[in-house]
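J.: Sequence:
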Amino acid sequence: MKKLSRNQIRLHRKRRIRAKISGTNEVPRLAVFRSLRNVSAQVIDDISGKTIASASLFEVKGKNTVVGAKEVGKVVAEKCKTAKIEKVVFDRSGYKYHGKVKAVADGAREAGLKF
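Just so you know, we're using the working numbering here: the sequence shown kicks off at 1 and counts up by one.
These aren't lab readings, by the way, just hints derived from the structure by calculation.
Check each hint, because a few of them may be wrong.
For lysine-lysine, the following DSS-like pairs were computed, each having C-alpha atoms within a straight-line distance of at most 30 Å [as the list claims (entries may be wrong)]:
1) 14 x 79
2) 74 x 84
3) 87 x 114
4) 2 x 14
5) 114 x 102
DEER-style ranges, computed between Cβ atoms [as the list claims (entries may be wrong)]:
6) 19 x 48: 12 to 22 Å
7) 38 x 11: 11 to 21 Å
8) 86 x 4: 34 to 44 Å
9) 27 x 3: 30 to 40 Å
10) 12 x 64: 19 to 29 Å
11) 82 x 4: 38 to 48 Å
12) 1 x 61: 43 to 53 Å
13) 49 x 112: 23 to 33 Å
14) 63 x 96: 14 to 24 Å
Don't be surprised by glycine CBs; every beta carbon is placed ideally from N, CA and C.
Let the sequences and hints guide you as you build the complete structure.
T.: Given below as structure tokens:
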């Protein structure tokens with residue numbers, strides 16, 4: 001049997017998580033994506049299949065650090081406030097709740113989003 005890569009294991013974990021959580025119009029899903037150069041977050045209404053708000057490091061003009069990820073969380077939370085969204089479901093996309101993923105969540109909480 002072939003050994004699975006870290007990314008394949010993460011994708012299995014992501015599918016398992018997504019089977020349990022879903023975003024609605026009232027309580028959308030805050031999904032985080034992390035790459036080697038970027039951190040991005042989207043607020044998604046899964047019922048209609050539309051992205052309500054999004055932010056990334058390219059938009060924030062920050063560095064790919066925990067500090068930059070926290071700014072991404074703050075920006076996406078501000079965009080949610082303009083769309084009159086106060087509560088979201090956090091989707092870590094199979095990543096560990098640590099480092100940049102945690103920083104996005106903390107930044108969104110500081111800016112007023114409730115999980």
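J.: Next step is simple, just say for each hint if it's right about the structure.
T.: For each hint, the structure was consulted:
For a cut-off of 30 Å, the pair hint linking residue 14 to residue 79 stands: about 25 Å separates their Cα positions. In summary, the hint linking residue 74 to residue 84 is supported, as the alpha carbons are separated by about 15 Å, within the 30 Å threshold. This hinted pair checks out: residue 87 and residue 114 have alpha carbons roughly 5 Å apart, not beyond 30 Å. Straight-line distance between C-alpha atoms of residue 2 and residue 14 comes to about 20 Å, which keeps the hinted pair within the 30 Å bound.
In summary, the hint linking residue 114 to residue 102 is supported, as the alpha carbons are separated by about 14 Å, within the 30 Å threshold. With their beta carbons about 20 Å apart, residue 19 and residue 48 fall inside the hinted range of 12 to 22 Å. In this structure the supplied range 11 to 21 Å holds for residue 38 paired with residue 11, their Cβ-Cβ distance being about 18 Å. Checked against the hint of 34 to 44 Å, the pair residue 86 and residue 4 passes, with Cβ atoms roughly 39 Å apart.
As the Cβ distance of residue 27 to residue 3 is approximately 38 Å, the hint placing it in 30 to 40 Å holds. Range check, residue 12 to residue 64: about 26 Å between beta-carbon atoms, so the 19 to 29 Å window is met. Take residue 82 and residue 4: their Cβ atoms lie about 41 Å apart, and the range 38 to 48 Å holds. Checked against the hint of 43 to 53 Å, the C-beta distance between residue 1 and residue 61 comes to roughly 45 Å, which is consistent with it.
For residue 49 paired with residue 112, a C-beta distance near 26 Å keeps the hint of 23 to 33 Å intact. The beta-carbon spacing between residue 63 and residue 96, approximately 21 Å, falls within the hinted interval of 14 to 24 Å.
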